[in-house]
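**Student:** Given next are the chains, with one letter for each unit.
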Amino acid sequence: MRVMGVKGLTLYHLKSHLQKFRLGKQPHKEFNDHSIKDASALDLQRNTASSSAMISRSMNEMHMEVHRRLQEQIEVQRHLQLRIEAQGKYMQSILEKACQTLAGENVNASGGFKGMPNQGVPDVGTMKEFCPPLNFPPFQDLNIYGGEQLDLQHNMDRASLDGLLPNNDNLCLGKKRPSPYCGSGKSPLIWPDDLRLQDLGTAPTCLGPQDDPFKAGDQIQIAPPSTDLDSISDMYETKPVLSGDTISTDQKKFEAPATAKLERPSPRRTPISTERMNPMMNNGAMSQGRNSPYG
Amino acid sequence: MEKLQAYRLGTECFLQGEDLISGNTIPGDEILGNENLVRLLQIETELMDFASISQDSVSASPGSSPEKELMSPGMVQATQGSELVEDSSVIDLLVMGAEAVEARNWVLSLAIVAKLNCLLNDGENGDNPFNRLALFFTQGLFHRSIDAPEMFRETVTRQADILPIFHVLQELSPYVKFAHFTANQAILEATEGDQEIHVIDFDIMEGIQWPPLMADLAARKNVVSLRVTATITDQKNLISVQQTGRRLKEFADSIHFPFVIDHLVIVSDNDFESINTGHTLIANCMMHQLHIPKRNLSQVKTFIDGVTKLSPKILILVEEELFRFTRTPSMSFVEFFCEALHHYTALSDSLVSSFCKNREAGLRQIEKEFIGIRILDTLGQFPSANEEKRQWGKGFDCLRAFKPITLSFCNISQAKSLVSLFRGGYWVQNEKWKLTLYWKSMPLTTASIWVPISTSR
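Chains as they are written, first to last, in the working numbering: chain R, 245 to 539; chain P, 3 to 459.
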């Protein structure tokens, strides 16, 4: 700070921008800001006396340092995303296998869940396999495929499913009640491929029949929405979102508009990998009200 | 929960009075014991300074029946004060129970257990997470009172059943990911430039720690191979470990990564010598994680002793705060009980904060499968006899051949990024050589990296 006045101004610029870096604001925006101000600061320097060269050098050094730190952080986040993704893939594969194990034990064979051309059918097949033998009331209440399984609802305590009811309305075929989650309610049907459906099947099989519905799906949802959605949406890119694939015949009329909406916003993405357990999950996402224009 | 400490202190004052009374009761005559207990509780609550509790709820008429007296706090409309009264009376009872257990006063402890059972199962008090937790603690006290810790294992849930619940747990809370990713990052840094990596894993569980590591190693320029040796302490786990191994192998094949997995049954630390090394050796020890059922300290000690002989490059230790090796083991059961109460309540709160309000069922499931079992396990494991305590105290000794090193900036940075992905009051703190995951003000789990003192990296 040997020469005050104009130089003081320069350093002030520098310090304020470095501070912003430290507080960790948007890197790119930051960067641009800094480079612009840097340029203006440099301009100022050119107008001043000899020691401006040294000042600019130290500024550059700090500039580089900050840049380096930022790069590191970005790297760290990128790696983290990749790791979470890898773990997610593995988790999914073991969940599927666990599901298959259970399915193998419980099969009442209303049709295998592999190699079905129409994805709606394996849904039904899967559900039928899992629900009746285990007499799992809550899952039946999910009732994606309705009719016959609605009967089994009587077994369970409907009162305890209050939390699920709005979602259930969507999912029950044969109950075309209007619901705010109308669009979202179809979402689990939209994107699951066979794998997901097996996962969906996992949920009921893995809970005791006397337990409350496994609403964890919703809860899984809870964590991501409040967080950095962009990074998570990138992370969970693992499963392709089935756009426009309609699944069960009854759902078709609801799906088309819903799909388009559902795909785009990033909150929508977060359920993808976490939605292994429970179609409710997506509904939960919707019900989170993440300013998505659903239903 | 500072109030816990306050209550404890208050309880101690009354315990002497209580002894007099319980001494007078006929052993086994629990009804009489209950009445006295209730009266004591009343006196206790009246004399204690509860700022937020309304006096009306506490000063119940002495003439009414004991049951009703105890219930009157519960019957007050759901104001914060009344909830605190319920909580506090439950906590008081729990602590009194712990003290009774420590004093080996089984009559009293069983009486308290009965009272707690009654109180907690009473629908009026509400079915909140804390009450459910308290019920587990009550069970734990019960098992210690009757000195039969194995009894609580009624049904062993199959791994396939538990898996989705575990999945929910690890999605919702950074607990698991923190441990694994920190460890993996440390492994990556330690094996920079190595060709073959051999990891000895204390408890492979479902193996979810390794796929991310495989992915990272596969991305390296030079071809790296990974070998994981899973140690098994119980023959019963053999099948599930083999199954996990197969699944990991499949994953590795899917990304074309050279991976080998084998397992080793460990009974004593001599068994470790049968592992042929010569590659870079990493020891991975995840201790007392929420999802690991029934590991005890002696097994960990065996593991670390054995691994010491093999001189690994690094040893990664991730410990649940309650059971940290480096804590002083010489605490009384009551202190330990209170710590455990504190810890698991924080844990439960942290999970609750991740759940939406009315989505309780999933939380209940997690509690039942994981937290509940952990609580019972924890309480059961606390050494009762002095001999055992000494053994426990020696726990830290097995780390004497190692010294801790600081975690890298990348690792810490990763941990911070990770917790920022989760909702709730999670944060990490880096102190010298350990990285701790906190929830609000409560430390949950700590990761640390150790290197053998003799070698230099």
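Just so you know, the hints here were simulated from the structure itself, not pulled from any lab data.
Treat the hints loosely; a few may be bogus.
Here's a subset of chain P near chain R, in silico, CB distances under 8 Å, partners left out [what the hints assert, rightly or not]:
id, residue
1, 134
2, 137
3, 166
4, 217
5, 247
6, 253
7, 255
8, 266
9, 267
10, 415
Note that CB positions come from ideal geometry on N, CA and C, so glycine has one too.
**Student:** Now look at each hint and say whether the structure bears it out.
**Tutor:** Going down the list of hints, with the structure as the test:
Proximity of residue 134(P) to chain R is violated relative to the hint, the smallest CB-CB distance being about 13 Å (cut-off 8 Å). Of the supplied interface hints, the one on residue 137(P) is violated, with its beta-carbon coming no nearer than about 16 Å to a beta-carbon of chain R, more than 8 Å. This hint holds: residue 166(P) has a C-beta 5 Å from the nearest C-beta of chain R, less than the 8 Å allowed. For residue 217(P), the interface hint holds, the least distance from its beta-carbon to any beta-carbon of chain R being 4 Å, beneath 8 Å.
At its closest, the beta carbon of residue 247(P) sits 12 Å from a beta carbon of chain R; the interface hint therefore is violated under the 8 Å criterion. Look at residue 253(P): its Cβ gets to within about 5 Å of chain R, closer than 8 Å, so that hint holds up. Checking residue 255(P) against chain R by beta carbon gives a least distance of about 12 Å; that is not within 8 Å, so the hint is violated. Because the beta carbon of residue 266(P) sits about 22 Å from the nearest beta carbon in chain R, more than 8 Å, this interface hint is broken.
Contact between residue 267(P) and chain R, as hinted, is not supported at the beta carbon level, the nearest pair being about 23 Å apart and thus beyond 8 Å. Taken as an interface hint, residue 415(P) checks out: its beta carbon lies about 5 Å from the nearest beta carbon of chain R, inside 8 Å.
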